[in-house]
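Asks: Heads up: the sequence shown begins at 1 in the UniProt record's numbering, then just goes up one per residue.
Treat the hints as calculated values from the structure; they're not laboratory data.
Don't take every hint at face value.
[As the list claims (entries may be wrong)] Have a look at the derived ranges for each label pair, beta carbon to beta carbon:
1. L257 x T133: 38 to 44 Å
2. S252 x G6: 21 to 27 Å
3. E207 x L120: 44 to 50 Å
4. G210 x A58: 16 to 22 Å
5. S54 x Q200: 32 to 38 Å
[Stated by the list, open to error] The calculated lysine-lysine pairs, modelled on BS3-like cross-linking and capped at a C-alpha distance of 30 Å, are:
6. K172 x K63
7. K26 x K175
8. K26 x K172
9. K172 x K116
10. K175 x K116
11. K118 x K172
The beta carbon of each residue, even a glycine, is placed where N, CA and C say it ideally should be.
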Amino acid sequence: MQSQTGYIVLALMSAVLMGTIGILAKYAALPAEQITFFRLLLGSLFLIAYMLVSGKKAQILHKPSKRHMINGAMLAGFMSFYVEAIDYTSMANVIMVIYLAPLLTAIIAHLVLGEKLKLLNIVAIGIALLGFTLMSPSASSNTLANSDEARGLFFSILALFTYSGFMLINRKPSKATAYQSTLIQLSVGALCLLPLVMTQDIALSGEQLGYLLAIGFLPGFLAILFAVKALQHLPAVTFGTLAYLEPVAVVSLAWWLFSESLTPIQLLGCSLIITAGMAQGLLSQGIQSRTRPEPAQ
Numbered sequence: 001m002q003s004q005t006g007y008i009v010l011a012l013m014s015a016v017l018m019g020t021i022g023i024l025a026k027y028a029a030l031p032a033e034q035i036t037f038f039r040l041l042l043g044s045l046f047l048i049a050y051m052l053v054s055g056k057k058a059q060i061l062h063k064p065s066k067r068h069m070i071n072g073a074m075l076a077g078f079m080s081f082y083v084e085a086i087d088y089t090s091m092a093n094v095i096m097v098i099y100l101a102p103l104l105t106a107i108i109a110h111l112v113l114g115e116k117l118k119l120l121n122i123v124a125i126g127i128a129l130l131g132f133t134l135m136s137p138s139a140s141s142n143t144l145a146n147s148d149e150a151r152g153l154f155f156s157i158l159a160l161f162t163y164s165g166f167m168l169i170n171r172k173p174s175k176a177t178a179y180q181s182t183l184i185q186l187s188v189g190a191l192c193l194l195p196l197v198m199t200q201d202i203a204l205s206g207e208q209l210g211y212l213l214a215i216g217f218l219p220g221f222l223a224i225l226f227a228v229k230a231l232q233h234l235p236a237v238t239f240g241t242l243a244y245l246e247p248v249a250v251v252s253l254a255w256w257l258f259s260e261s262l263t264p265i266q267l268l269g270c271s272l273i274i275t276a277g278m279a280q281g282l283l284s285q286g287i288q289s290r291t292r293p294e295p296a297q
């Protein structure tokens with residue numbers, strides 16, 4: 001069985017890989033529905049190929065649970081709304097709204113799932129939110145007067161709620177393996193978007209096809225698989241705080257690829273987010289070690 005540290009690493013890797021979607025989507029220059037459809041479809045195909053070569057063929061054909069099918073729709077909604085939002089406003093503004101989801105998820109998990117928030121958990125969330133606020137650009141006083149910005153905010157809020165639902169549903173115990181859960185969610189998500197994609201003309205250049213393959217493999221297959229595996233073993237508050245590494249990845253990639261420089265305040269925000277994530281991981285490890293049964297003498 002994988003250690004708690006291993007699941008924390010998976011959550012961190014998932015956050016970094018999730019952060020690549022905005023960059024890849026801008027390069028692909030395709031409608032949000034098409035990008036999301038191919039992300040889910042290719043992600044499911046990559047997962048099936050991995051399961052075939054890794055001896056998990058028997059897990060592919062199984063009866064899916066209603067919960068995982070619902071979460072497939074949540075996943076499709078989150079991804080579509082995210083990509084749609086960055087067509088109207090900046091990636092920094094979109095990610096700022098979406099990453100209220102971990103806080104919302106932790107609060108709902110506290111109220112509904114019995115995952116009690118301790119004082120140190122609340123402090124870690126507060127530090128992450130402070131860092132997140134410092135990272136975000138200053139909003140113009142008349143930002144929402146721009147209709148595109150208003151549409152971007154609207155789709156960002158939709159992405160916020162569907163992402164929170166995705167995390168909460170994956171927190172509930174399941175008899176399915178992480179591979180089965182991921183496969184159903186990716187496949188159902190792709191099916192949800194199929195009717196929309198079928199009504200559109202799809203003409204892909206070789207370069208766009210390459211970006212779609214990268215989208216299917218990195219933020220599709222790997223990021224979602226790592227997220228599902230981590231969510232099955234980490235409390236929602238832990239996963240949510242570690243997920244704040246994604247905005248750090250988004251800002252870093254934007255700086256590296258588009259020469260968008262970081263201000264000292266934004267660098268401080270990145271440092272606070274990483275610190276909060278590390279603290280939350282250590283808290284999770286401490287809880288795990290205290291609850292682990294002693295070996296038989």
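Asks: Please go over all the hints and tell whether each is borne out by the structure.
Replies: So, going through the hints one by one against the coordinates:
Against the hinted window of 38 to 44 Å, the Cβ-Cβ separation of L257 and T133 comes to about 24 Å, which falls outside the hint. For the hinted restraint 21 to 27 Å between S252 and G6, the CB-CB distance of approximately 24 Å keeps it satisfied. In this structure, E207 and L120 meet the distance hint of 44 to 50 Å, their C-beta atoms being roughly 48 Å apart. Look at G210 against A58: about 33 Å separates their beta carbons, and that is not inside 16 to 22 Å.
In this structure the hint that S54 and Q200 lie 32 to 38 Å apart at CB holds, the actual value being about 35 Å. Restraint check: the Cα-Cα separation between K172 and K63 comes to about 18 Å, which is no more than 30 Å; the hinted pair holds. With a CA separation close to 38 Å, the supplied pair K26 and K175 exceeds the 30 Å bound. Among the hinted pairs, K26 with K172 is inconsistent with the structure: their alpha-carbon atoms are about 34 Å apart, more than 30 Å.
The straight-line distance between the Cα atoms of K172 and K116 is roughly 15 Å, inside the 30 Å bound, and the hint therefore holds. Our distance criterion of 30 Å between C-alpha atoms is met by K175 and K116, whose separation comes to about 24 Å. A distance of roughly 20 Å separates the Cα atoms of K118 and K172; the hinted pair therefore holds under the 30 Å criterion.
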